[in-house]
Structures are given as C-alpha cells and as structure tokens.
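4 protein chains.
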Amino acid sequence: MPTGRIDLNCDMGEGFGAWTMGDDPAMLDVVTSANIACGFHAGDPMIMTETVRAALERKVQIGAHPAFNDLAGFGRRAIAGIGPREIERLVAYQIGALQGCAALVGHRVGHVKPHGALYNLAAVEPDIAAAIVRAIRAVDRSLTLVGPPASALEAAGGSAGLRVAREVFADRSYEDDGQLTPRSQPGAVIHDAAVAAQRVVGMVVDRTIICRSGKRLALVADTVCVHGDTPGAVAIARSIRAALEAAGCTVAPLASAAMP
Amino acid sequence: MPTGRIDLNCDMGEGFGAWTMGDDPAMLDVVTSANIACGFHAGDPMIMTETVRAALERKVQIGAHPAFNDLAGFGRRAIAGIGPREIERLVAYQIGALQGCAALVGHRVGHVKPHGALYNLAAVEPDIAAAIVRAIRAVDRSLTLVGPPASALEAAGGSAGLRVAREVFADRSYEDDGQLTPRSQPGAVIHDAAVAAQRVVGMVVDRTIICRSGKRLALVADTVCVHGDTPGAVAIARSIRAALEAAGCTVAPLASAAMP
Amino acid sequence: MPTGRIDLNCDMGEGFGAWTMGDDPAMLDVVTSANIACGFHAGDPMIMTETVRAALERKVQIGAHPAFNDLAGFGRRAIAGIGPREIERLVAYQIGALQGCAALVGHRVGHVKPHGALYNLAAVEPDIAAAIVRAIRAVDRSLTLVGPPASALEAAGGSAGLRVAREVFADRSYEDDGQLTPRSQPGAVIHDAAVAAQRVVGMVVDRTIICRSGKRLALVADTVCVHGDTPGAVAIARSIRAALEAAGCTVAPLASAAMP
Amino acid sequence: MPTGRIDLNCDMGEGFGAWTMGDDPAMLDVVTSANIACGFHAGDPMIMTETVRAALERKVQIGAHPAFNDLAGFGRRAIAGIGPREIERLVAYQIGALQGCAALVGHRVGHVKPHGALYNLAAVEPDIAAAIVRAIRAVDRSLTLVGPPASALEAAGGSAGLRVAREVFADRSYEDDGQLTPRSQPGAVIHDAAVAAQRVVGMVVDRTIICRSGKRLALVADTVCVHGDTPGAVAIARSIRAALEAAGCTVAPLASAAMP
Chain A
77 MPTGRIDLNC
87 DMGEGFGAWT
97 MGDDPAMLDV
107 VTSANIACGF
117 HAGDPMIMTE
127 TVRAALERKV
137 QIGAHPAFND
147 LAGFGRRAIA
157 GIGPREIERL
167 VAYQIGALQG
177 CAALVGHRVG
187 HVKPHGALYN
197 LAAVEPDIAA
207 AIVRAIRAVD
217 RSLTLVGPPA
227 SALEAAGGSA
237 GLRVAREVFA
247 DRSYEDDGQL
257 TPRSQPGAVI
267 HDAAVAAQRV
277 VGMVVDRTII
287 CRSGKRLALV
297 ADTVCVHGDT
307 PGAVAIARSI
317 RAALEAAGCT
327 VAPLASAAMP
Chain B
77 MPTGRIDLNC
87 DMGEGFGAWT
97 MGDDPAMLDV
107 VTSANIACGF
117 HAGDPMIMTE
127 TVRAALERKV
137 QIGAHPAFND
147 LAGFGRRAIA
157 GIGPREIERL
167 VAYQIGALQG
177 CAALVGHRVG
187 HVKPHGALYN
197 LAAVEPDIAA
207 AIVRAIRAVD
217 RSLTLVGPPA
227 SALEAAGGSA
237 GLRVAREVFA
247 DRSYEDDGQL
257 TPRSQPGAVI
267 HDAAVAAQRV
277 VGMVVDRTII
287 CRSGKRLALV
297 ADTVCVHGDT
307 PGAVAIARSI
317 RAALEAAGCT
327 VAPLASAAMP
Chain C
77 MPTGRIDLNC
87 DMGEGFGAWT
97 MGDDPAMLDV
107 VTSANIACGF
117 HAGDPMIMTE
127 TVRAALERKV
137 QIGAHPAFND
147 LAGFGRRAIA
157 GIGPREIERL
167 VAYQIGALQG
177 CAALVGHRVG
187 HVKPHGALYN
197 LAAVEPDIAA
207 AIVRAIRAVD
217 RSLTLVGPPA
227 SALEAAGGSA
237 GLRVAREVFA
247 DRSYEDDGQL
257 TPRSQPGAVI
267 HDAAVAAQRV
277 VGMVVDRTII
287 CRSGKRLALV
297 ADTVCVHGDT
307 PGAVAIARSI
317 RAALEAAGCT
327 VAPLASAAMP
Chain D
77 MPTGRIDLNC
87 DMGEGFGAWT
97 MGDDPAMLDV
107 VTSANIACGF
117 HAGDPMIMTE
127 TVRAALERKV
137 QIGAHPAFND
147 LAGFGRRAIA
157 GIGPREIERL
167 VAYQIGALQG
177 CAALVGHRVG
187 HVKPHGALYN
197 LAAVEPDIAA
207 AIVRAIRAVD
217 RSLTLVGPPA
227 SALEAAGGSA
237 GLRVAREVFA
247 DRSYEDDGQL
257 TPRSQPGAVI
267 HDAAVAAQRV
277 VGMVVDRTII
287 CRSGKRLALV
297 ADTVCVHGDT
307 PGAVAIARSI
317 RAALEAAGCT
327 VAPLASAAMP
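Protein chains in written order, with the numbering used here: chain A, 77 to 336; chain B, 77 to 336; chain C, 77 to 336; chain D, 77 to 336.
By construction, these hints were calculated from the structure, which means they are not laboratory data. Each residue gets a CB set at the ideal place from its N, CA and C atoms; glycine is no exception. It is possible that part of the hints are untrue.
[Unchecked claim] Cross-link-like lysine to any residue pairs, in silico, SDA-like; alpha carbons within 25 Å at most:
#, chain 1, residue 1, chain 2, residue 2
1, D, K135, C, A214
2, A, K135, B, G234
3, D, K135, C, R213
4, C, K135, D, D216
5, D, K135, C, D216
6, C, K291, C, A323
7, D, K135, C, R210
8, B, K135, B, R184
9, B, K291, B, A270
10, A, K291, A, A319
11, D, K135, D, P101
12, B, K135, A, R210
13, C, K291, C, V265
14, A, K291, A, Q274
15, B, K135, A, T306
16, C, K135, D, A214
17, A, K135, B, R161
18, A, K291, A, A226
19, A, K135, B, R213
[To be verified] Okay, the calculated bits of chain B under chain D, using three or more residues with CB under 8 Å as the criterion:
#, region
20, 83–96
21, 148–162
[Said to hold, decoys possible] Pairwise CB distance ranges, derived in the manner of DEER restraints:
#, chain 1, residue 1, chain 2, residue 2, range
22, C, A264, B, A270, 58 to 64 Å
23, B, S235, A, R217, 32 to 38 Å
24, D, S235, C, A264, 55 to 61 Å
25, C, R288, D, G182, 45 to 51 Å
26, D, R129, B, G324, 49 to 55 Å
27, A, Q255, B, A231, 58 to 64 Å
28, C, D252, D, A156, 57 to 63 Å
29, D, S235, C, K135, 30 to 36 Å
30, C, V200, B, R217, 40 to 46 Å
31, D, P202, A, P262, 57 to 63 Å
Let the sequences and hints guide you as you build the complete structure.
Below you can see the structure in the form of structure tokens.
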C-alpha cells in the first residue's frame, strides 16, 4: 500500500433486535470499510443485511466482525475454555453467515476483523491467531485480515499468505512498545477531535506515532479504526477524514477487489 | 430421478452446547443426506463442524436446516411477525454459516430443508416459500430445495428454477389430500418399524401411498425423512433402508454434485 | 381510587447488556410507577437492580413487566404454542426474579403488568389472563395487576380477588368500543404533547375519552402509561404530569403499601 | 448436625427447552436435596416448576443453583469481567426466580449452591464469595449456603451468619490439602460405585477422607454431591445411599425448616 493511502474502518451493525447502537448511516458516509457484527456479540440477519445494503450504496467495503457468542457481554469478555478449535469454527461460521447476507444484496465480504475479546486474545496468543487464520483461509483465502501491527495475528496471517491490514486507532494513545495504552490509564482515550485527526495524519503521512511518553515510534498503518458508538463519533470521524484529505492522503478501501 | 432411486434424510446436529439429541453417528451410517441445524433452533459451530466431518467420512450429503431463531422452542413454534423479508435473511444467514463450517472440513452444502415451523409455514404460504427460494438462489442456485410434494414450497422452488426434492415421512400417516395427518389425530405417527419400512417401499417402488382412510394416492418421492430423535429411531431407519435395498431400490444422495 | 387521583406508569429497564433504551432517569423524575423488564424481552440483573435503585431514590413504585422469552423480538411477537401452563410459570419466574433484585436495594415489588404480546393476549384470552392471575396470586397476592379496562385480564384479576389497576395510554387513540386503535390505522398514535396531555386530563377528571370517531366514551382509569422509548418521550410525559397537576389531580403511585 | 447424619444432593432440572439432561425422577428417589438450575446455565420456567413439583412429591428439599448467564457453556466457563457486583445481582435474580416457580406448587427454596465456574470462583475468591453471601442474605437469610469445606465461600457464609453446609463429592478424589484433584489428573474421578460408596461412608462415619496419596485427612461433611448426568449415575447414587444406611447413617435433607 503506497504512503498516503489509508482506509478508514468502523464497527457497524451492532444493534440487536429492537436495540440500536451508533449512527451507522452517518458513519457510512465517512468511512471506507465497515466491520459488520455477525450475530454473536451483536447483529442479526435483518440488521446485517440492511447494513450490507447501506454499505453497498455508498461503495463501502464490508468485512466480517466475528466474536465470541456473548450477546450479554457484547463480545468484550474473555471466556475461559474457548480454545483454538472452537474459535476456528465460530469464525468460519460468522464469515459464512455474513457472506450469506451479502449475497442477498449483491455485495461481497472483503475482510475479517475479530471483535473485542477475540481481537485482544488474537493479538497476543499465537494459537488463537492461527485458528482465526485457518478459518479465513478455509472460507475464502482472498479475504484481508485486519489486526494490530506487530501482533501475533499479523504474524499468523502473514506466514499463512493472507493479505494483512495493520490497524491503528484514531482515539487511543500508544505506549512506547507500540501497544495500546490500557483504558485504565489516564490519557488512554483521546476525546478531542482535532487532536485525534492530527495524530492520524501523522501516522499516515509520517508513518510515526507520538506515544503517551512523547516518544516517536515508527508505525505503518493500512487502516484507521474510528469508533461509532461514542459521543461525537460522527464529528470525530469527519474531522479525521477531512484532515487526511487536506494532507493529500487518499482515503480508500483496503481491497478494491471485493467491491462489485 | 429414476424410479427406484431414493434418498434417506435425517435431521442432525440438533444438540446445543452441553446438550445432545439423537444418535447422529449411528444415523449417519444409515442415511444418505443429513440436514444440519444451523444454530437458530439447535446446533452451534462446534456441533455443526463435527457433524459435517462425520457426514463427509461416510459420504453423506449435507444440507442446511434453517429455522426461526428460537432455541427455547426448538424452532417448532410459529412466531407472529416474522415475515418474508426476515425469513429471506435468516435463511441466507444460516446457509452461509453452514457453508463456512463445511469449508473447514472440505465438504460442501448440497441442499436446504427448512425446519419445524418454518417448514410448515413454507408448505402453505406462497410468500414465505418465495422468500426461502430467493435466499437459496442468492447464496447458491445449485442447491437442492427439500420440501413436501404438492406444496407452496415445491411450487416456488420449481418456478424459480431450483432443483426440488419432494420429501415424504417414513413414520407419518397421510390424509386423502396428500397432507400429513395432524399429530393430534390417532394413527398420525407410525411406531412399528416393519410397517414404516413397508410403506416406504410402496412409496418408492409403486409411487403410491396408502392413506389413513385406506385410499391409495399417487405420490412421487425423492427423499424419505427418517427421524433421529425418537425411541428406536436407529432401528427404524435400518429397517427402512434394508427393506428398500431388498426391494431393489438404490439408496443414494439427492445431488451427487455436492459430494467432493 | 378517588376521582382526580392517578398514577403515571412507564416501561423501564429495557436495555440489555451494552444496549440502552429510553432515558430512564429522566422518566423516573416524572412518573410514579415503573414497570421493569425482567430479562425475558429486555433487562438483565444489573439493569434491573439499578433501575430498582433509581426508582427507590425517587420514591417510584416498581412492578414486574413479564414477557415471553424473546430478546430477539423484544417480547412483541405472539409465539404459537406458549399456552397457559407455560405463561403461568414464566410470569411467576419473572416476578420472583425482580423480587430478588429488589431485595438487594431494599425496595419491594408492588405491581405486575404483562408486556407486549403477552399483554395483548391477556386482554382477550380468558385462559391466558387466568394463568397470569394464578401466577401473581401464588407469588404475592398483595400485588396489583395492571391491565386494560374492560378486558379479560381485568375480569380474571377481579374475580380472583386481586387489586386491579385499569390502564390507559396517553399517546394512543381509542375506538368506539373502548379498544385501542390498531397502530396500522391513521391517527392511532398521538404525537402532539399538548393533545396527549389534554386527553389524559379528560380521562382522569371527566372519566371519559374522546374516541377517534369523536364519540365520548365513559372510561375509568387508575393509571396512565407514558412511553419512554419514543422521540420526545420525556417532554410528553412532563406535559402530561404538568397538565394533570394544573387540573388539580393528585399524581401518586397505585399501591402505597409497596413503598418502604 | 450430628455425626452420622448426612444429606445427599444432586444438580437437577438441567435440561433446556427440548433438551434433557440426566434422569431427574430416578435421582429424586435417591437424594434428599435437589439443586435446581435457574435458567442461566440450564433450566427454564417449565422445567424448573416441574422439577420443584417432583421434588415436593418425594419430600426432597430444593435449592437454587445459580450460575453465570451462559447457556452455550453450561455455566462451566469462567467469564472475565463478571465481578462481585454483577454476581450479587445474578444470584439474587436466580434465587428469586426459583422462589417464584416454587410458589406455584407450594414448595419453598431451602438452600443455595452456586454452579460450575461460579462455584469454583467462590471457593477461592473472597470478594466473589462475599457477593454471593450478600445476595442470599438480602433475599432470605434463612437459606442454607452449600459450598466446599475450608473455602472462601464457607468463610464468607459463616462470618455473615448464614447456615453453611459443607459439601463433598462422592465421585471425586482429594489432594492432601483438602482440595479436589483436578480433572486433568489420573484418578481424579471415581467411576466404581462400590469404591465411591465406601469413601462416602468413611467421610460421614469417620469424618476422614483418604486422599489420592493415601493420606487420611480430617473432613466434616454435611452433604454429599452425587452427579446425575454421568453414565451409571443413578446406580452409583443408590449404592451410596444403601451403603450409608447400612452403616447406620441418617440420610436426610439439610434444613428441614424449608420442607412444608
């Protein structure tokens, strides 16, 4: 991916039944990739299909956002005893389910980004990362895997020959080792839209991140995650996109092959 | 499908988590097609994948067995307000989910048979039948649709160009109009293995069914459903298969194209 | 209940896990009774307990709001095959569950109002109504039953000796027979806060309702339901309360015995 | 509790919807206490109420068997992020729910025994144990708490003034420190009914257990858990009861106050 080209992704379709979360239509006007909940932490066939349709109308790429089967915990809770075998299966199930919904409206799944506790585990546990990669390869080896840079997930995807997109977070601070500052620390979350936008431009143009300590760290990002379920989410996302375009960056989906 | 050729199908993978239902390995040694629960009325990614694997080992064709999202009611309850749009989506979701699991073990989904309340509705409601057919066509138009003969489902599948397999029940009595005797009526369910086997041979060889009234009714069957979750299920299934083979019938899957 | 005294009730605690619905704290500042979801259509032990606590702080009475076990459908869907025996049990379960949560914060359950499809069924099906009444009597016969006037539910509760509170809706139009105008009809829902407030004052002070046809109908209301999950819900509720107080009505909970 | 008096308890009502687990009626003929699943790891209002009714008919005491909300994992999985506050609430909810069902058939909840991962956590985590104890005390302080001897749960219950019953397992081996041998170790589970029965008699009559190492350990047991969901479960339970009675022990429920 050339310098200056970047994807903006957002988790979407995270309602369930009568419940909604975030303003998906507004976010779809800003981002270039949508990670769609597949019914395990959120989402249901109606919401999934409507989200895919809305993405297609705006030429936004879609990806599966598989998670632990945990509606009550929104997929954010680590669950002991869910090992690689089960993870391989639940990821394959969820990718397939989204492919089924996408077929209804003529869109195509282009990437996979694990959600919540599964994302966090896959970042550090090689056997979990490998299970996710096996599932993706079995279902469709042309899918792009989205994960954190310098993680077990990136390594597993790369060595299995998957296209891997390295993801950074617009609204999170980083430590000197390139890991996200834990949310329990002060300054872990960046609430100021202008600051977030400036940081993202730095990551994309200069390929560096200024850590919480002030240290500059080299970091290559292929996609920037903007959150859709926080106050002011849409405004922040718009600021980031505007700043990127003002800096001459091309904001475009990861894998144009997946666009019809 | 030539006279004398018949498929035996059974609903399988209908456990959930720690719960089991029926003796799937024993039934897989008898039948030629397995309808696999897709997580909505029963089944989960672990059970689905292991059921697919066990089917593949025995060269048994697999099909999706989509249902209403109703674990508590095992998909047997009609739920008001689930209309064609939602049904189209939940069927596409479930077919895709099973395709994902099948990909893990190198098998391929060959057919779709709606489950429980969805099957009953699709038999009589043209708009429900059409929604199921749209979902199948969108996901994979080479899939065979399994449904009752002379039903709205058979009609919808046929007019949309899907391959349709007409299903009869080994252990159920029929009325003069070709419909199943309601379970509330005496004699609706046949518990005697020998009687069930003899009736199935008649349906396959003579293409007629002797109704509860004694009337003979012409009826062409492509597949016979044997139940796996009743007492003596395996013995009944074996009796039926033995009787069919003794009568010179070929017991074989519906769509050999789906077998690897 | 004397003329001029009225309870304002609202359905609350209808989030689930990470999802929220409505602005419960704001509504609790306006109403005098809260119908709390019990985990079947919405709600979980955390949400239930926090809702009870917030109600207690404002001296708002709490009631159980039992429903079909249907998170996916928010309890709004009639489910075939759930008969009186199951309804008796699921109502007893949900009342008990809320009592358990209420015990944690020192509040006490004072009433029971069925939710959604269960409410609608109980209004017209005497055996369903009787099942709900049996459950309430078994668990705590001092509980007030909330239901529509001139319904099977009111009749069942009255003949079993339960205290029954007749509920009207602030934002719904009525037909000449005293039934709610179906939502499919134009004018079924009243969106104008001033109109809604004026209608409620009429119901409470004059004990009449002006039907959609213009006809005046005698109607005694003990409690008025204000919705919490529609746009402008809080403003409408405040208008109604202010109008009632301006008209000299006493806005107070149904059963002060349940207040600590 | 006098020497020679012992309760036999079994987890029951662990089906869900169409699924069953174990042979509850047979086990109810053997044991004196039933721990009834409350809908979170297993059980639903129908199963709960029928299990309570069957227990009452045999004068078997009932207890709540609360668990994490985890049908997919049968409550056996530790779930990160469920802390004391949530546990307090989910235990209160589940006790109340069972009380509601018990009220329908005229029985009364007499004890509480946490299930699966919650039991294991409560044995070693004082803050989890304290949360469970707070919930029990809030709902009904006359309830007996069932837990492992020499555990955080026993300590929390004792210091809060609850009646605590110390539970041992008939079919499990113990280490020298009084803890259960982990299931991953050889010999952790005892499959021989005669051996299990002999060990239980030793625990009750001699108040000692022979550890896996051969060491004798002093241990006072108030109740013995017999499993209902393993092969031969009923036969093992009968052997244990017969051996206890042959040795002159009184097999009786924990808290006769809870029996009507």
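Just to be sure I understand the hint, the distance between the Cβ atoms of S235 of chain B and R217 of chain A should be within 32 to 38 Å; is that true here?
Holds, at about 37 Å.
Is the Cα-Cα distance between K135 of chain B and R184 of chain B 25 Å or less?
Distance ~11 Å between K135 of chain B and R184 of chain B Cα, so the pair holds.
Verdict for R288 of chain C, G182 of chain D (Cβ pair) under range 45 to 51 Å
47 Å, holds
Straight-line Cα separation of K135 of chain D and R210 of chain C no greater than 25 Å?
24 Å, holds
Quick one, are K135 of chain D and D216 of chain C close enough, alpha carbons at most 25 Å?
Distance of about 24 Å is within 25 Å: holds.
K291 of chain B paired with A270 of chain B [C-alpha distance capped at 25 Å]:
20 Å, holds
Is the straight-line distance between the alpha-carbon of K291 of chain A and that of Q274 of chain A 25 Å or less?
Between K291 of chain A and Q274 of chain A the Cα gap is close to 16 Å, so the pair holds against 25 Å.
Just to be careful, I want the Cα atoms of K135 of chain B and T306 of chain A compared with a cutoff of 25 Å; is the pair within it?
Violated, at roughly 51 Å.
Please verify whether K135 of chain A and G234 of chain B have alpha carbons no more than 25 Å apart.
35 Å, violated
Given the proposed pairing of K291 of chain C with V265 of chain C, does the C-alpha separation stay at or below 25 Å?
At roughly 17 Å apart (the allowed maximum being 25 Å), V265 of chain C and K291 of chain C satisfy the hint.
Agreement of K135 of chain D and P101 of chain D with the hint, judged by alpha carbon distance not exceeding 25 Å:
13 Å, holds
Given the proposed pairing of K291 of chain C with A323 of chain C, does the C-alpha separation stay at or below 25 Å?
With a Cα-Cα distance of about 23 Å, the restraint between K291 of chain C and A323 of chain C holds, given a limit of 25 Å.
Of the numbered hints listed earlier, those contradicted by the structure are 2, 15, 31.
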